[in-house]
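Generate the whole structure from the sequences, applying the supplied hints.
Protein chains in written order, with this note's numbering: chain C, 1 to 496; chain H, 1 to 241; chain V, 1 to 247.
The set of hints was computed from the structure by calculation and includes no laboratory data. Just so you know, not all the hints are guaranteed correct.
Stated by the list, open to error - Below are the EDC-like pairs computed for lysine to aspartate or glutamate, each with C-alpha atoms no more than 16 Å apart in a straight line: (1) Lys-187/V with Asp-8/C; (2) Lys-106/C with Glu-133/C; (3) Lys-196/C with Asp-99/H.
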Amino acid sequence: MADVKTQDFFAASAVSIQDPILRQALIKVGTGFDGARLAAIKDVTPDTWEAWREEARRIKVHTLDHLDYYLDLLERNVTRSGGHVHFAADAAQANDIVASIAKSGKVKIATKGKSMVSEELSLNPVLESMGIEVFETDLGEYIIQLAGETPSHLVAPALHKTKEQVAQLFKDKLGLPWLESIEDMAKAAREVLREKFLIADMGVSGANFLVAETGTLAIITNEGNGRMCTSAPRIHVGITGMEKVIPSLQDLAVFLRLLPRAATGQRISSYVTMVTGPRRETDEDGPEEFHLVIVDNGRSKMLADPELREALYCIRCGACLNICPVYKKVGGHAYGWVYPGPIGAVVSPSLTGLKQSKDLPQASSLCGACREACPVRINIPRMLLHLRNNLAEGDDSQEKASGNAERFIARGFTKLMSSSIMLHLAHRMGRILQSPLLMLPLSPLAKGKTNKDSIGSAHLPLLSRWTRSKDLPSLPPRTFHEIWQNELYRSPKRDS
Amino acid sequence: MGKEEFLASVRRSLGRGAGPPEAIYPPLEQTAEVLDGQVREMRRHLEERLPQISDRLAQVAEMQGWHVHRAVDPEEAIAAVLSIAGSLGIQNAVRTNQDVFDEIPLDIGASNWGLTITNASQNELFDRPGVRRSIIDADLGITGADYAVAETGSLVIVPRQGLSRLASLVPPVHVAIVRPQDVVETLDHVFLLRRLEYHRNGGEMGSYLNFITGPSRTADIEQTLVVGVHGPREAHMVLLG
Amino acid sequence: MTQHSTIKASLFATCIVDQIYPQVGVSTVRVLRNLGVDVDFPPDQTCCGQPLYNSGFHRGAKELAVRVLDSFQASDYVVVPSGSCAAMMRVFYLDLFHDQPDLLRRVEQMAPRTYEFSQFLVQVLGVTDTGSSFPSKATYHPSCHLLREMGVRGEPLELLSQVSNLELVDLPQAENCCGFGGSFSIKFPHISEGMLDDKISSVETSGANTLVSCDMGCLMHIGGGLSRRGISVQTRHLAQILDPDAG
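Here it is as structure tokens:
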């Protein structure tokens with residue numbers, strides 16, 4: 001399984017938020033992908049968009065509620081079409097399955113289309129250790145493969161790289177001359193990978209959707225590499241999470257309407273490829289073997305939790321990333337595992353362990369923009385709150401991870417707010433303490449420099465985190481309770 | 001892990017026993033007869049509205065990056081293809097063995113214009129199993145269409161005997177000839193037709209299908225759109241009728 | 001101005017208004033009374049429990065929520081000068097008590113009677129012109145819970161557009177979160193500050209001298225940032241703008 005670095009989120013985000021190159025790239029995500037999504041929605045009208053969202057969600061709810069039935073139907077139909085279906089409980093099993101297919105097939109070279117699940121498994125090193133050359137063929141994935149990095153976005157894995165950085169990579173790793181334009185880089189990738197496509201023994205793809213009715217794997221792509229990987233080699237292996245299934249081919253239509261628009265503002269991607277088993281005897285070309293590897297790797301745990309199940313409706317469009325103010329400040333790598341952004345803040349802890357990933361569900365202001373953007377109406381903020389509850393009060397000793405200080409503060413706050421008298425006294429005491437402190441030099445509280453009615457610095461735990469960048473209001477002489485009691489309760493308009 | 005064990009684990013997560021949903025999902029109940037009825041209705045609708053739907057197809061396809069050439073008859077269609085090849089200086093093309101080429105006899109006129117068109121299916125040379133030499137060498141791939149979808153401006157190709165997966169992918173330029181009978185209005189129409197095919201044949205609709213909408217693209221570097229990555233950089237649609 | 005002398009409403013001040021910004025509570029009461037609403041203030045009220053709920057401490061949040069339910073049991077309407085606290089009471093209490101049928105029933109009775117301040121004015125009283133005057137060039141920041149959980153979008157703007165001598169200007173990227181998020185601003189200050197930078201840029205671009213919102217959490221955060229940078233934009237709760245004694 002891919003390395004888990006979710007525990008480093010705070011430190012990693014503090015570094016990445018300063019990165020000027022990343023900052024520019026992330027600003028572009030807002031105007032680019034997100035802007036395109038909004039334009040696409042406007043184009044079809046919000047009413048139509050909402051109707052599609054509702055239909056898509058309905059399909060996902062139904063399917064996941066009966067996932068066993070549809071997986072069974074899918075398996076029977078893939079098998080009927082001449083394909084092989086393999087079930088993997090976890091990453092290790094999945095890697096073993098693919099390795100064994102590669103071994104039987106005497107595979108020397110493999111080409112890979114985009115598959116986030118294969119990132120979860122960390123499949124490439126496994127194949128490479130068998131002496132197989134593995135080529136990522138999606139341009140973004142190819143770039144990060146050359147760089148030895150992990151993807152920073154669900155749809156555009158290399159968006160954190162400038163074209164100069166890519167040119168340098170191509171020069172260093174491929175021995176190419178320095179390339180000025182992005183067109184030239186795309187052309188170079190085409191030339192380098194063209195040969196690999198045609199001599200590869202095995203093509204690996206992901207799956208956007210699996211159609212139970214017909215045993216079909218569907219991928220939504222733009223570059224043509226997905227078509228290459230599923231057409232030219234002898235063996236095609238599709239790797240997928242178990243949640244990707246939908247009941248009928250008819251259902252594919254609404255998802256084809258939602259996903260490209262939500263992801264990149266396109267009406268439809270350049271290619272939508274549907275694979276139903278290996279080539280038939282009379283076909284002109286196509287793989288002789290088709291394998292579908294269906295992976296659990298912790299998804300059944302999410303399925304079992306009624307609060308987390310809807311995270312499995314995700315169609316991996318990236319819209320939540322593109323609108324998230326947190327993602328657009330810190331970028332994808334800070335999240336420390338395969339899935340970044342709002343959906344990652346739910347999925348990564350759920351699949352790798354909440355305790356280790358405790359920062360992820362907490363690094364959110366709960367603004368709800370992700371839920372608004374999600375084509376399948378996933379209520380991400382609700383799930384973040386659920387995970388926070390597990391962290392604070394979870395039964396499972398593995399999950400409960402709130403610090404003692406935080407629990408102490410929470411208890412204190414509850415006690416304070418449970419007693420009007422205590423609250424009033426606390427306010428009174430705050431007022432008394434506040435005054436002289438604001439006057440003393442070297443005091444833990446000091447007046448604001450530009451605004452004398454405010455507190456400019458607080459050398460106190462927690463408060464200092466606020467005052468390092470913002471002024472704090474000072475406590476007023478009277479609470480509203482007091483003002484009401486002394487003045488307001490008499491209504492001038494009341495009949496008495 | 002075996003299938004039964006895997007499914008049992010899923011059932012445990014769902015807290016339910018084995019068995020279908022309480023109510024069968026409506027599309028999954030539809031027989032070939034039912035689908036056939038729907039297809040007839042669809043065909044009636046398409047027939048009535050063909051001119052408008054074709055216009056819409058042309059319009060959306062252009063928007064989606066196709067170069068659209070309208071042709072009223074086979075002669076114009078042939079002229080369009082030759083003119084595309086000519087303007088790009090292409091001398092070497094490959095085509096599929098679809099029956100559209102019986103109606104549009106490209107091969108005959110082509111050599112007069114310095115264009116060699118090889119029928120991929122009849123060319124026996126293989127670079128390696130499954131990858132024909134003629135396709136790799138060609139600068140232009142010419143195909144027909146199984147469907148053309150007005151809603152999205154897409155071509156649909158269903159590879160099979162005589163129709164390679166790679167002919168519309170490997171050469172840097174792709175020309176597709178679309179006839180009136182190929183035109184449908186929506187994505188739903190395409191899936192309806194495929195489902196009818198599937199169920200009518202007792203569960204078989206072929207191994208592969210591609211929706212092709214314009215040229216190959218990427219925005220992976222600096223989110224800047226670039227055309228022509230691993231697939232064709234130019235996509236032309238010759239629309240008859 | 002319409003007289004609604006039969007409407008009785010209870011004010012839920014919210015802990016931040018009670019403790020730090022009581023003048024917002026005062027303005028709220030004045031506006032409501034001026035529109036003929038009979039306002040009362042159940043004295044046992046303290047906090048809706050949202051800070052605890054948002055940090056995952058449901059046990060504590062429930063204790064405070066029960067106190068709220070008790071305080072407003074007899075109220076015809078509950079008016080809340082805060083989008084996030086109103087959302088807590090209308091939306092999140094349902095989740096908090098989902099497995100406690102008796103309390104859930106009480107929540108279901110209170111929730112439909114609970115309104116955020118601007119929502120109450122426009123939707124219940126049918127008022128958009130309160131007859132107030134507030135000379136200023138003002139821009140409006142929609143707080144996230146008000147916008148997305150409560151679905152209150154146009155009401156504050158309708159109210160602001162009727163205020164005399166107030167020039168209402170657009171806030172660029174208004175719907176972007178300001179970065180407060182309660183404990184988020186303390187737990188992840190670097191990210192919160194980054195988001196605040198963007199919001200302050202937007203405020204400056206708008207050219208406004210007054211920033212209006214329906215949530216004091218947001219205004220404490222944005223105002224604290226404006227103040228530290230010496231930017232002379234004043235922050236006001238909507239109630240203060242609509243206050244007949246304002247200006």
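Hints, verified against the model:
no.: 1; hint: Lys-187/V with Asp-8/C; verdict: 14 Å, holds
no.: 2; hint: Lys-106/C with Glu-133/C; verdict: 12 Å, holds
no.: 3; hint: Lys-196/C with Asp-99/H; verdict: 33 Å, violated
Hint 3 from the list above is the single one not met by this structure.
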